[in-house]
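A.B. asks: Sequence:
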Amino acid sequence: MGSHRKRKSAARKANSPIASSPLPAKRRVVFSLSAPDARNVKVAGDFTGWEDAACEMTRQRNGSWQATIAVPPGQHEYRFIVDGQWADDPKCEVRKPNPFGGENCTRVVD
Numbered sequence: 017m018g019s020h021r022k023r024k025s026a027a028r029k030a031n032s033p034i035a036s037s038p039l040p041a042k043r044r045v046v047f048s049l050s051a052p053d054a055r056n057v058k059v060a061g062d063f064t065g066w067e068d069a070a071c072e073m074t075r076q077r078n079g080s081w082q083a084t085i086a087v088p089p090g091q092h093e094y095r096f097i098v099d100g101q102w103a104d105d106p107k108c109e110v111r112k113p114n115p116f117g118g119e120n121c122t123r124v125v126d
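Per the working numbering, the sequence shown runs over residues 17 to 126.
Hints in this document: simulated from the structure, not taken from any laboratory. Watch out, some of these pointers could steer you wrong.
Here are the in silico distance ranges between beta carbons for each label pair [what the hints assert, rightly or not]:
(1) Asp-99 - Asp-126: 31 to 39 Å
(2) Pro-113 - Glu-67: 13 to 21 Å
(3) Gly-79 - Ala-41: 31 to 39 Å
(4) Gly-100 - Ala-41: 27 to 35 Å
(5) Arg-77 - Gly-118: 27 to 35 Å
(6) Gln-76 - Pro-38: 30 to 38 Å
(7) Pro-115 - Gly-79: 26 to 34 Å
(8) Arg-77 - Pro-115: 34 to 42 Å
(9) Lys-107 - Ala-86: 17 to 25 Å
(10) Arg-44 - Asp-68: 27 to 35 Å
(11) Pro-38 - Gly-100: 34 to 42 Å
(12) Pro-115 - Pro-38: 26 to 34 Å
(13) Asn-56 - Pro-89: 12 to 20 Å
Ideal Cβ positions, reconstructed from N, Cα and C, are used throughout, including at glycine.
Using the sequences and the hints given, assemble the complete structure.
C.D. replies: Written as C-alpha cells, this is what we have:
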C-alpha cells in the first residue's frame, strides 16, 4: 500500500504545473574586474555554488579580467576571488550583507 501512495504522489507531481513548466532560459552575463597585478581571478556567486565551483576569468590585454557566464534570470549575489582573496566589484552599486560579516555584490539578470 505504501508504494501505491508513492506512485500516486509521483504522478501528481509529474502532472503539476510546476513540474511541467519549462525553466527560464539562462542569459549570458559578462563579469569583469580591473586587476592588472593579479595572477588569478575567479567570479563566484549563487549561480556557481560559490567557491566550490567558482568560474575562472580570462586576463585581457588591458589588465582587466573577464568571464561570460550563463545565469538564470533573477537577482544574484556574487564576489570575485583575486589571488585567493575575496574581493568586491567596485562597479557594483547594490550590495547585501553576507553571513561572514562582509557584503556580496548583487546583479539583476532580466
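A.B. asks: Report the numbers of all earlier hints that the structure fails to satisfy, in ascending order.
C.D. replies: 10, 13
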